[in-house]
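Engineer: Model the full assembly from the supplied sequences, consistent with the hints where possible.
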Amino acid sequence: AQSVTQPDIHITVSEGASLELRCNYSYGATPYLFWYVQSPGQGLQLLLKYFSGDTLVQGIKGFEAEFKRSQSSFNLRKPSVHWSDAAEYFCAVGPFNTNAGKSTFGDGTTLTVKP
Amino acid sequence: DGGITQSPKYLFRKEGQNVTLSCEQNLNHDAMYWYRQDPGQGLRLIYYSQIVNDFQKGDIAEGYSVSREKKESFPLTVTSAQKNPTAFYLCASSIYRAHSNQPQHFGDGTRLSIL
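Line by line, the protein sequences give chains A and B. Take the first sequence: its letters are residues 1 to 115, numbered as in this note's numbering. Take the second sequence: its letters are residues 1 to 115, numbered as in this note's numbering.
Hints in this document: simulated from the structure, not taken from any laboratory. Be a bit skeptical, because a hint or two may be false.
[As the list claims (entries may be wrong)] With the Cβ distance kept under 10 angstroms, some of the chain B side facing chain A (calculated, not the full set):
#, residue
1, Q37
2, R44
3, I60
Beta carbons are placed, not taken as given, at the ideal position from N, Cα and C, and that holds for glycine.
Structural biologist: Given below as structure tokens:
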């Protein structure tokens with residue numbers, strides 16, 4: 001069965017510092033990988049996705065993520081964090097060769113940004 | 001602009017009462033999903049539907065029911081059998097293609113509380 005692990009429940013960084021949020025997945029084939037962001041009381045917004053090809057993917061709001069098959073990881077990065085980036089971040093993995101069309105979500109990482 | 005509309009934003013349920021959460025999308029997506037979100041537990045799939053007049057149970061379907069009579073609409077009923085309904089409920093939709101997986105678009109959620 002597929003699964004997603006986000007090892008860090010809560011991360012605090014200073015504004016302007018770099019950020020890396022970790023995501024590890026378990027899936028037997030090539031996964032479809034996503035990062036979403038959720039502001040308090042809101043739905044989830046897609047930041048970026050990886051389906052195939054270049055393992056470094058660019059997303060919205062200056063985020064990027066790198067797919068590393070050997071480490072089963074899809075970590076999210078941003079070179080300089082802004083106060084508005086404070087939110088909860090979810091990694092998700094989608095099945096490949098199936099018609100279930102479902103995604104499995106990690107438990108989320110809450111990002112706090114210090115001034 | 002296309003999107004997903006969830007209503008109401010806040011909902012209160014009395015003991016023994018059924019309540020229905022609305023989800024409407026104008027994205028022309030085939031697939032729709034309902035998730036429950038509790039603090040620290042990420043998103044858990046309740047029900048999903050890949051096509052009109054068909055739906056499947058997710059991981060935590062007990063105490064919930066759905067219908068999919070129209071492509072645009074996927075209402076969720078929280079029945080009196082759901083003993084712990086207090087949570088944030090998220091509706092999502094996506095393009096459905098066999099052997100593929102598309103990112104999900106989310107509504108802004110409904111927060112359900114017990115009176």
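Engineer: For the hint on B:Q37, does the least C-beta distance to chain A fall short of 10 angstroms?
Structural biologist: Cβ of B:Q37 sits 9 angstroms from chain A, so the hint holds.
Engineer: Is the interface hint satisfied for B:I60? The criterion is a beta-carbon contact with chain A at less than 10 angstroms.
Structural biologist: violated (13 angstroms)
Engineer: Report holds or violated for the interface hint on B:R44, using the least CB-CB distance to chain A and a cut-off of 10 angstroms.
Structural biologist: holds (8 angstroms)
The structure shown violates just one earlier hint, number 3.
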